[in-house]
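**Q** Residue-level listing of the chains:
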Amino acid sequence: MKINIYPIYSPLHDESFLKEQTNDLISYLSNENDLEISLCKIENLYDANLSLILVESGGSEHYFKQVQDKLKEPIYLLTFGNNNSLAASLEILTYIQNNNKKGEILHGSNRYIKERIMSLLEENHA
Amino acid sequence: MLRLGVIGHPSDWLIASDVKYSEAKSIFSMNLIDIDIQELIDLIPTIKEDLDPNKFSEKFDYNELNKAYKIYLALKKITEDYILDGLTVRCFDLLSTVQSTSCLAFALLNAEGIIATCEGDIPSLISMMLVKKYVGSPSFQANPSKIEIEKNEIIFAHCTIPLNMCESFKFDTHYESGIGVGIKGEMKHDQVYIFRISNDLTRYVLLKGKIDENLNLPNLCRTQIRITLDKTNSVNYFLTKPLGNHHLIFYSNNIKDLQAFLKNSGLKEIK
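These protein sequence lines are chains A and B, in that order. Sequence positions in the first sequence follow this note's numbering and run 107 to 232. Sequence positions in the second sequence follow this note's numbering and run -10 to 260.
To be clear, the hints were calculated from the coordinates, so they are not data collected in a lab. One or more hints might be untrue.
Coverage of chain A stretches by chain B, computed from C-beta distances (three or more under 8 Å per stretch; other residues unrestricted) [what the hints assert, rightly or not]:
| id | region |
| --- | --- |
| 1 | 113 to 122 |
| 2 | 166 to 174 |
| 3 | 190 to 201 |
Under 10 Å between C-beta atoms, here's a sample of chain B residues computed to sit facing chain A [said to hold, decoys possible]:
| id | residue |
| --- | --- |
| 4 | D1 |
| 5 | S6 |
| 6 | K135 |
| 7 | E137 |
| 8 | A146 |
| 9 | S166 |
| 10 | L209 |
| 11 | C210 |
| 12 | F227 |
| 13 | T229 |
| 14 | P231 |
| 15 | H236 |
These figures come from a predicted structure and were not determined experimentally. Backbone N, C-alpha and C fix where the C-beta goes; we use that ideal spot for every residue, glycine too.
Turn these sequences into a full structure, and let the hints guide you.
**A** Given below as structure tokens:
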């Protein structure tokens, strides 16, 4: 099963640190599952079984607005919490729902995120 | 009619926090007054008064504290000049222009009863004023920062907190910028409420919980608390239908007047 992830972040945060955290999360999610997880360009986001926006930091909300027209519902916002990324995800999800679109934040323990992703993949496959 | 200053526009990342000023006036009797942030930036270097080195017992770089204290004095002058009951500031604009932060200023103003919120966040400003008016408590404006769904727990963090909500506090730099003065407060482990209104002023969330722990995590804003929600509330609200980013945390045993006002004003509660 293939998962494509499009990351957004604010330059206020240390990019190398964000990438390190992103790589850790992807490694965890890839382990023990038959998952092929890739960071991608926005044009390729939907060439996969599941497509996620990875909110890497606070201050990334207006970068979401720049790509919103290319996104399909429901919009899944994956976030690990550090660097105010959960806070940004809340603002983005509110914006999505204020515009009468569907979305969900995927956040919590790594185990919870993995289980939720597997569940979404099953729903998409059914 | 309450008078609330909006100093600078809301920060660019607050994409779901725009408020119609006319509705804030008609629903909450709050008059939102736009003030150019350049007025604040120009005022700060004209402040001659220096911080009394003995005002705070906590140790920190005096020059940084003094710069941050002048922001407080400048904001206080603006509240007097415009006869304001509260204000919000597009505070990240101060990083590059003043090379400091308004976290200390907000901590002091809020402790004095002058409502002050970060980032030009108007729903937080209105929410905080409602808590002051109908509960009589100060509020901690904070970012939801981590959630443990299985435990119904949520961590909140921000770099400012009303000093009178802290059992103790230390100074640190502001998290995102690494400059200025942020507040690392320690809060009493007690019952709290988590509150905010929606930006269209039609809905609100009011969740009950208990502060279990003050934290010291490396990649979050300086004041950090862990709250376990009451069994009747769920952290799923934050992941599925939030009303925005910033939420307000306040201590209280009596929220009846706040609930009654919100209900009578036609706002719908989100759970």
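**Q** Now, for every hint given, state plainly whether the structure supports it.
**A** Status of the hints after comparison with the structure:
| no. | hint | result |
| --- | --- | --- |
| 1 | 113 to 122 | holds (count 3) |
| 2 | 166 to 174 | holds (count 5) |
| 3 | 190 to 201 | holds (count 10) |
| 4 | D1 | holds (5 Å) |
| 5 | S6 | holds (7 Å) |
| 6 | K135 | holds (4 Å) |
| 7 | E137 | holds (6 Å) |
| 8 | A146 | holds (8 Å) |
| 9 | S166 | holds (7 Å) |
| 10 | L209 | holds (7 Å) |
| 11 | C210 | holds (7 Å) |
| 12 | F227 | holds (6 Å) |
| 13 | T229 | holds (6 Å) |
| 14 | P231 | holds (4 Å) |
| 15 | H236 | holds (9 Å) |
In this structure, none of the earlier numbered hints is contradicted; all agree with it.
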